[in-house]
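With chain A's structure known, arrange chain B on it following the hints.
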Amino acid sequence: MTVVLKVDNLSKHFGSLKAVNKLSFEVKKGSVFGILGPNGSGKTTTLGMLVSTINPLGGSFQWFGKQPSAHLRKGIGILLEKPNFYDYLSAENNLKIVADIRELDYSLVEPALRTVSLWERKNSKFKTFSLGMKQRLAIASAIMGDPEMLILDEPTNGLDPEGIAEVRDLIRRLAGEGKTIILASHLLDEVQKVCTDLLVMKFGNKIYEGSIDDLSRTEDIVELCAEDNHALMEMLLLFPDVKDVKIEDKYVIAKLCNDSTAFTLNTFLHQKGIALGHLNVRKANLEAQVLNLLKD
Amino acid sequence: MKRLFKIELRKIIHNRIFWITISGYIITLLLILLGMQKQLTRINEGLASGSKGFIPMLPTEIYSFPHVWHNLAYIASFLMIFLAVVMVILVTNEFAYNTMRQNLINGMSRFELVLSKFVDAVMLSAIATVFIFTFGLFAGFASTPSIEFADIFSKIPYIGAYFLMVLGFLSFAMMLAFLIKKPALVLGALLLYNYIVEPLTAWKFSESIGNYLPLKSLNFLVEVPDIALFSFFGAGPKYHGIQFMYVALGVFYTAVFFGIAFYSIKQKDL
Chain A
714 MTVVLKVDNL SKHFGSLKAV NKLSFEVKKG SVFGILGPNG SGKTTTLGML VSTINPLGGS
774 FQWFGKQPSA HLRKGIGILL EKPNFYDYLS AENNLKIVAD IRELDYSLVE PALRTVSLWE
834 RKNSKFKTFS LGMKQRLAIA SAIMGDPEML ILDEPTNGLD PEGIAEVRDL IRRLAGEGKT
894 IILASHLLDE VQKVCTDLLV MKFGNKIYEG SIDDLSRTED IVELCAEDNH ALMEMLLLFP
954 DVKDVKIEDK YVIAKLCNDS TAFTLNTFLH QKGIALGHLN VRKANLEAQV LNLLKD
Chain B
49 MKRLFKIELR KIIHNRIFWI TISGYIITLL LILLGMQKQL TRINEGLASG SKGFIPMLPT
109 EIYSFPHVWH NLAYIASFLM IFLAVVMVIL VTNEFAYNTM RQNLINGMSR FELVLSKFVD
169 AVMLSAIATV FIFTFGLFAG FASTPSIEFA DIFSKIPYIG AYFLMVLGFL SFAMMLAFLI
229 KKPALVLGAL LLYNYIVEPL TAWKFSESIG NYLPLKSLNF LVEVPDIALF SFFGAGPKYH
289 GIQFMYVALG VFYTAVFFGI AFYSIKQKDL
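Going down the list, the sequences are from chains A and B.
For the first sequence, my numbering puts the final residue at 1009, and the numbers step up evenly by one.
For the second sequence, my numbering puts the final residue at 318, and the numbers step up evenly by one.
Misleading hints may appear alongside valid ones.
[As the list claims (entries may be wrong)] List time: in silico DSS-like cross-link candidates among lysine-lysine, alpha-carbon distance up to 25 Å:
(1) Lys795(A) to Lys838(A)
(2) Lys787(A) to Lys230(B)
(3) Lys741(A) to Lys892(A)
(4) Lys840(A) to Lys54(B)
(5) Lys787(A) to Lys252(B)
(6) Lys795(A) to Lys316(B)
(7) Lys742(A) to Lys731(A)
(8) Lys316(B) to Lys719(A)
(9) Lys264(B) to Lys252(B)
(10) Lys230(B) to Lys840(A)
(11) Lys735(A) to Lys915(A)
(12) Lys795(A) to Lys264(B)
(13) Lys54(B) to Lys835(A)
(14) Lys314(B) to Lys719(A)
(15) Lys316(B) to Lys735(A)
(16) Lys731(A) to Lys316(B)
(17) Lys86(B) to Lys735(A)
(18) Lys314(B) to Lys840(A)
(19) Lys54(B) to Lys779(A)
(20) Lys892(A) to Lys731(A)
(21) Lys54(B) to Lys314(B)
(22) Lys50(B) to Lys787(A)
(23) Lys779(A) to Lys230(B)
(24) Lys795(A) to Lys230(B)
(25) Lys54(B) to Lys809(A)
(26) Lys795(A) to Lys840(A)
(27) Lys959(A) to Lys1008(A)
(28) Lys787(A) to Lys264(B)
(29) Lys50(B) to Lys809(A)
(30) Lys779(A) to Lys719(A)
(31) Lys906(A) to Lys1008(A)
(32) Lys314(B) to Lys795(A)
Hints listed in this document are in silico derivations from the structure and should not be mistaken for laboratory results.
The following block holds chain A by itself, in its conformation from the complex:
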């Protein structure tokens, strides 16, 4: 697998605040790489350094094996935070300026505007747009010219449910075309639906990096019920691959880890003389997993 972006020990401090602290990660070609973390975890600062608006304090990163440069940025579709355009210029003129900066042909403006359903409003001034339309124009600007690499920071910000679904479809379609996408979001659901890989940040530190599947696979949640739930609980604590046992209503809930299955757990309990009246296995959702990671 080709590495598109390699980040090595990147740091940025604002005064005594370590916004990003010795962060390292790699983004592989063709992956949809999610960056997750609560507000203030350093996501936007990290992306800011990757697109050169913020000067790093230390560390380095390479795009396509090369040192970052303005020329490399022209080939990356970037959407950071809120859309920034000249508010007295029309949608079309704004994109023509972007085309000039990225040295793209003006003929690419029309398809970009059509993709985000803004072609009919091409002559409207940016300041007359609603927040959702502004965001869509920013998406059009990022995808113009069909870049192989995209960086999207909260791309569904300000969009209505229909717009959110459209952007997700767009991201899936782009990913299907083999493009590499870095997607920062605090919406776990959004990340789970489209990402293949994940970086979780907290207070500027990396707390997880890997594929989404690995993260979801590591833990299952089991829901059990026996005649004597307290005896069941005590028994469960003896089983090595179980943790976080607790009673909820009439069920005992536990986390099953290290590739143990419901089958091995059931066999174990049976040997200890406990008959189960109920056994249900749930895949832990990403939300629970990430919240768990953030808690530690």
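Same frame as chain A, but now just chain B:
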């Protein structure tokens, strides 16, 4: 460079505030220039009738060739501050709307960000210069008594000197805008430096560095014209003609202002 020119042109052509301020500048300058000749004629008539013709008349032919180039450049230099206001707006707007940052993200280098604003300064200076050149041509032909024998272009270098003076002054305004970013504060700093700090410094150090301060030395590019009108009000030229040293200083200071503007955003997070 052509690419940056195209980008800036597209921004300026559709910018209503730009056209309003530029029109304001041109109309004001036009009124001053047109009114000046009438005023001089009136003063002359007053003097002539009051003194029964003994006091020498003020020149009413300030627009005749070849002196028109020098006179126009000198009169127009008092309105440079209008152009500087436009310059400041063009730069600070990019910060206010975060488009400076967006252009960087889209693939401009930090150097190009400053260069694109310098392109604005060049365009503004060119507009101002073309205006006084055109006015000079019309006024010159209208008020030079005998065109055949006139020496039309011998003082045309003053038009070039005016261009450099405006460009240097706008580069100074651009630098302040990059350093301070907030339009009101930039304008405050510009006025404070232009009308108080530098004149006081120049006066205090008139024996030594006074004449080499940035704005003062730019002003020496187009010196007080050596005509009776201005000497009547107590102003006289220090030099005659355009001094090479001030041309060199003008180019040098323009480069320094550009360099400081670039250095300031090279260091900063946008």
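Here is what the structure says about each hint:
Between Lys795(A) and Lys838(A) the CA atoms are separated by roughly 17 Å; this keeps the pair inside 25 Å, and the hint holds. Only pairs whose Cα atoms come within 25 Å are accepted, and Lys787(A) paired with Lys230(B) is rejected, the gap being roughly 29 Å. For the proposed pair Lys741(A) and Lys892(A), the alpha carbon gap of about 10 Å is at most 25 Å, so the pair holds. A distance of roughly 22 Å separates the Cα atoms of Lys840(A) and Lys54(B); the hinted pair therefore holds under the 25 Å criterion.
Among the hinted pairs, Lys787(A) with Lys252(B) is inconsistent with the structure: their alpha-carbon atoms are about 52 Å apart, more than 25 Å. Pair hint Lys795(A) plus Lys316(B) holds up; C-alpha atoms about 20 Å apart against a cutoff of 25 Å. Taken as a hint, the Lys742(A) and Lys731(A) pair is broken in the structure, with Cα atoms around 29 Å apart against an allowance of 25 Å. Between Lys316(B) and Lys719(A) the CA atoms are separated by roughly 24 Å; this keeps the pair inside 25 Å, and the hint holds.
Under the criterion of a C-alpha separation no larger than 25 Å, the hint pairing Lys264(B) with Lys252(B) is consistent with the structure, at around 13 Å. For the given pair, Lys230(B) sits about 21 Å from Lys840(A) by alpha-carbon distance, which is consistent with the 25 Å threshold. A C-alpha spacing of about 12 Å is found between Lys735(A) and Lys915(A), which places the hinted pair at or below 25 Å, so the restraint holds. About 44 Å separates the Cα atoms of Lys795(A) and Lys264(B), which puts this hinted pair outside 25 Å; it is violated.
A C-alpha spacing of about 20 Å is found between Lys54(B) and Lys835(A), which places the hinted pair at or below 25 Å, so the restraint holds. Between Lys314(B) and Lys719(A), the direct Cα distance comes to roughly 24 Å. Compliance with the 25 Å bound is thereby established for this hinted pair. For a cut-off of 25 Å, the pair hint linking Lys316(B) to Lys735(A) stands: about 21 Å separates their Cα positions. This hinted pair checks out: Lys731(A) and Lys316(B) have alpha carbons roughly 18 Å apart, not beyond 25 Å.
Between Lys86(B) and Lys735(A) the CA atoms are separated by roughly 73 Å; this puts the pair beyond 25 Å, and the hint is violated. This hinted pair does not check out: Lys314(B) and Lys840(A) have alpha carbons roughly 30 Å apart, beyond 25 Å. At most 25 Å may separate the alpha-carbon atoms for a hinted pair to count; Lys54(B) and Lys779(A) exceed this at roughly 29 Å. Taking the CA atoms of Lys892(A) and Lys731(A), the gap is near 32 Å; set against the 25 Å cutoff, the hint is violated.
Distance check on the hinted pair: Lys54(B) and Lys314(B) sit about 24 Å apart at the alpha-carbon level, within 25 Å; holds. A threshold of 25 Å between alpha carbons decides the hint, and for Lys50(B) with Lys787(A) the separation of about 17 Å falls inside it, so the pair holds. For the given pair, Lys779(A) sits about 36 Å from Lys230(B) by alpha-carbon distance, which is inconsistent with the 25 Å threshold. A threshold of 25 Å between alpha carbons decides the hint, and for Lys795(A) with Lys230(B) the separation of about 21 Å falls inside it, so the pair holds.
Distance restraint check for Lys54(B) and Lys809(A): the Cα-Cα separation of roughly 10 Å lies within the 25 Å cut-off, and the hinted pair is therefore satisfied. For the given pair, Lys795(A) sits about 14 Å from Lys840(A) by alpha-carbon distance, which is consistent with the 25 Å threshold. About 18 Å separates the Cα atoms of Lys959(A) and Lys1008(A), which keeps this hinted pair within 25 Å; it holds. Annotation: proposed proximity of Lys787(A) to Lys264(B) is violated, straight-line Cα distance about 42 Å (limit 25 Å).
Between the alpha carbons of Lys50(B) and Lys809(A) the distance comes to roughly 15 Å, so the proposed pair stays at or under 25 Å and holds. Taken as a hint, the Lys779(A) and Lys719(A) pair is honoured in the structure, with Cα atoms around 10 Å apart against an allowance of 25 Å. Taking the CA atoms of Lys906(A) and Lys1008(A), the gap is near 23 Å; set against the 25 Å cutoff, the hint holds. Of the supplied pair hints, the one linking Lys314(B) and Lys795(A) holds, its CA atoms being roughly 23 Å apart against a limit of 25 Å.
This entry does not satisfy hints 2, 5, 7, 12, 17, 18, 19, 20, 23 and 28, going by the numbered hints stated previously.
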